[in-house]
Each structure stands twice: as C-alpha cells, then as structure tokens.
Amino acid sequence: TQLLEQSPQFLSIQEGENLTVYCNSSSVFSSLQWYRQEPGEGPVLLVTVVTGGEVKKLKRLTFQFGDARKDSSLHITAAQPGDTGLYLCAAVTSMNYGGSQGNLIFGKGTKLSVKP
Amino acid sequence: DAGVIQSPRHEVTEMGQEVTLRCKPISGHNSLFWYRQTMMRGLELLIYFNNNVPIDDSGMPEDRFSAKMPNASFSTLKIQPSEPRDSAVYFCASSLAHGGRYGYTFGSGTRLTVV
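Here the protein sequences line up with chains A and B, keeping their order. Residues 1 to 116 (this note's numbering) make up the first sequence, in order. Residues 1 to 115 (this note's numbering) make up the second sequence, in order.
Hints may contain errors.
Said to hold, decoys possible - Each pair of labels, with its calculated beta carbon distance range:
#1 A/A68 with B/P61: 32 to 40 Å
#2 A/G16 with B/P81: 49 to 57 Å
#3 A/E38 with B/P8: 18 to 26 Å
#4 B/A97 with A/P39: 26 to 34 Å
#5 A/N18 with B/N52: 40 to 48 Å
#6 A/K56 with B/N52: 32 to 40 Å
#7 A/G82 with B/Q80: 35 to 43 Å
#8 B/P8 with A/S26: 33 to 41 Å
#9 B/Q17 with A/K56: 42 to 50 Å
#10 A/A68 with B/T76: 40 to 48 Å
#11 A/V50 with B/P61: 27 to 35 Å
#12 A/K115 with B/S73: 41 to 49 Å
To be verified - Some chain B residues well away from chain A (every beta-carbon gap over 10 Å; in silico):
#13 E11
#14 V12
#15 T13
#16 E14
#17 M15
#18 E18
#19 R22
#20 I26
#21 H29
#22 N51
#23 N52
#24 P70
#25 N71
#26 A72
#27 T76
#28 E83
Simulated from the structure, these hints should not be mistaken for laboratory data. For every residue, glycine included, the Cβ atom is placed at its ideal position computed from N, Cα and C.
Chain A on its own, in the form it takes in the complex:
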C-alpha cells in the first residue's frame, strides 16, 4: 500500500493545454513537497507547502495543499514540452514505513508528456 497515492499515473497532452495532477493520502502531514524528475536525472525540488489551504505559484505551476493537509494538487497552465517529466509528491511520515519514519516518503509519481 502506498502512503501517497498520485494520479493519474500517466498523462499525455498537447502543448498549450492545462492539466492537474493529484497527491492523496489518508494521513495528515506537517508539510508536503513536489519534485520533478527528468529522464536520467534525480528529482529536483519544486516547492514545499506547509499550511492547510496554502497556494503557491511558480510561473505556470500552481501548487495547493488541502485544508486538512492530507492531499495536494499541482496545476500547470499552458503546458510546454519542457514541462515533460515525472512529478513526485513527498511528505514526512511519522509511521514506521520501512526506514522512512521521520523522513521523506515519495509517491510513485505522475509521468507527464507534453507534445509540441
């Protein structure tokens, strides 16, 4: 069972379209992070959200933390081919989840492909 469920798993869209990807859990988190991973590289931190209901914007990317701090969404406006990659959400768990207690655990990600 994944502690962080991301949806959709795969998304293929045309340049210029808008999209939203989701990160859901039954657990409450003190903070949540979003990373983007490009092929052949490690994940790169995009944003950290801390407060329930918080909205952060990074150019065309809008991140929202759910009011109950159990879920988050990432919305991309007018997607570009450069947005292609694997989008991962990550959060700190207090559960003994493998060796991850007190550290970041990751969802499996949404693989986004933006076609020109």
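Knowing the structure of chain A, use the given hints to seat chain B on it.
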C-alpha cells in the same frame, strides 16, 4: 557547488559480483540518504546518515546491502553478492537535516543492471 555527485552513472555487472556505488554530498549538508527507484515500487529509502552516523537502515532489503559514510564528504553503498533483482536506479541525496524540513538534493543516480 557541483551538487550531489554519484559514480558511476551506469554499472553493468554479473550476478554474484560485488558492486560499490559512491556519493559525494553537498558540502555543509548534515544528512545523507540512499534511495532506490524502480518502476514497480517507485523511490524507496534504503538508509540515511546524520552527521556521518547511520541512523536507520531498516529500509535496506537484505544483508547483502551495506552502506558506510567514513567522513562528511563521502558515502558508499555496497551490494555483495549482487542479484538480478537488485537492478534499479540508486540515488544519493543530501539535506541540511533529516526530517524533511528542508528539500533534498539528489544526485543523478547510478543505473545498475545485474545480468
């Protein structure tokens, strides 16, 4: 800073051989993490160090896996003997502290193939 540096980038080895993966964290980062990424299981934390001390290795899959951090600028992950099911991308990451308060900076990974 050059970021987190991992070597080698690619490793192909035969089953039963010893494999050593290397990592140089960002200078000044006190926490270092080893993750493994596969399509099936995503990113899994194997072990992490705080101030060069291993804190929790319960994510290490088997006794065949071991990790060391002899100083603040170097860590190794060793698999002995390697098996085909160990094939994955192994990432090293470092952070100012564990606990996720700060972002993790990942290296580019080592793609391991065991045949």
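Each hint, compared with the structure:
1. One distance hint, 32 to 40 Å for the beta-carbon pair A/A68 and B/P61, holds here, with the actual separation near 34 Å.
2. In this structure the hint that A/G16 and B/P81 lie 49 to 57 Å apart at CB holds, the actual value being about 51 Å.
3. A beta carbon spacing of about 20 Å between A/E38 and B/P8 agrees with the range 18 to 26 Å that was offered as a hint.
4. Range check, B/A97 to A/P39: about 30 Å between beta-carbon atoms, so the 26 to 34 Å window is met.
5. Hint check: A/N18 to B/N52, Cβ distance near 46 Å, so the stated range 40 to 48 Å holds.
6. At about 34 Å, the beta-carbon gap between A/K56 and B/N52 stays in the expected band of 32 to 40 Å.
7. Restraint check, A/G82 to B/Q80: a C-beta distance of roughly 41 Å satisfies the suggested window 35 to 43 Å.
8. Judged by the Cβ atoms, the range 33 to 41 Å given for B/P8 and A/S26 holds: they are separated by roughly 40 Å.
9. Checked against the given bound of 42 to 50 Å, the beta carbons of B/Q17 and A/K56, roughly 46 Å apart, stay inside it.
10. Hint check: A/A68 to B/T76, Cβ distance near 42 Å, so the stated range 40 to 48 Å holds.
11. Roughly 33 Å separates the CB atoms of A/V50 and B/P61, a value that falls within the hinted 27 to 35 Å.
12. Taking 41 to 49 Å as the suggested C-beta distance range, the pair A/K115 and B/S73 conforms, at roughly 42 Å.
13. For B/E11, the condition that its CB be more than 10 Å from all CB atoms of chain A holds, with the nearest at approximately 15 Å.
14. With a cut of 10 Å on Cβ distances, B/V12 stays outside the contact zone with chain A, its closest approach being about 16 Å.
15. With 10 Å as the threshold on Cβ separation, the claim that B/T13 sits away from chain A holds: the shortest Cβ distance comes to roughly 20 Å.
16. Look at B/E14: its CB is around 24 Å from the nearest CB on chain A, clear of 10 Å, so calling it non-interface holds up.
17. Consistency note on B/M15: stated as away from chain A, and its beta-carbon is indeed over 10 Å from all of that chain's, at 25 Å minimum.
18. The Cβ of B/E18 sits about 23 Å from the closest Cβ of chain A, beyond the 10 Å cut-off, so the non-interface label holds.
19. The Cβ of B/R22 sits about 15 Å from the closest Cβ of chain A, beyond the 10 Å cut-off, so the non-interface label holds.
20. Every C-beta of chain A lies more than 10 Å from that of B/I26, the closest at about 12 Å, which supports listing it as non-interface.
21. A cut-off of 10 Å between C-beta atoms confirms that B/H29 is not in contact with chain A; the least separation is 13 Å.
22. For B/N51, the shortest C-beta to C-beta distance to chain A comes to about 15 Å, beyond the 10 Å cut-off, and the non-interface label holds.
23. Separation of B/N52 from chain A is adequate, the least Cβ-Cβ distance of about 17 Å exceeding the 10 Å criterion.
24. No beta-carbon of chain A comes within 10 Å of the beta-carbon of B/P70; the shortest separation is about 20 Å.
25. Distance check on B/N71: its Cβ is at least 22 Å (rounded) from any Cβ of chain A, clearing the 10 Å threshold; non-interface status holds.
26. Chain A leaves B/A72 outside its interface by the beta-carbon criterion, the shortest separation being 19 Å against a cut-off of 10 Å.
27. With a least CB separation of 17 Å from chain A, B/T76 remains clear of the 10 Å interface cut-off, as annotated.
28. For B/E83, the shortest C-beta to C-beta distance to chain A comes to about 19 Å, beyond the 10 Å cut-off, and the non-interface label holds.
Checked against the numbered hints given earlier, the structure satisfies every one of them.
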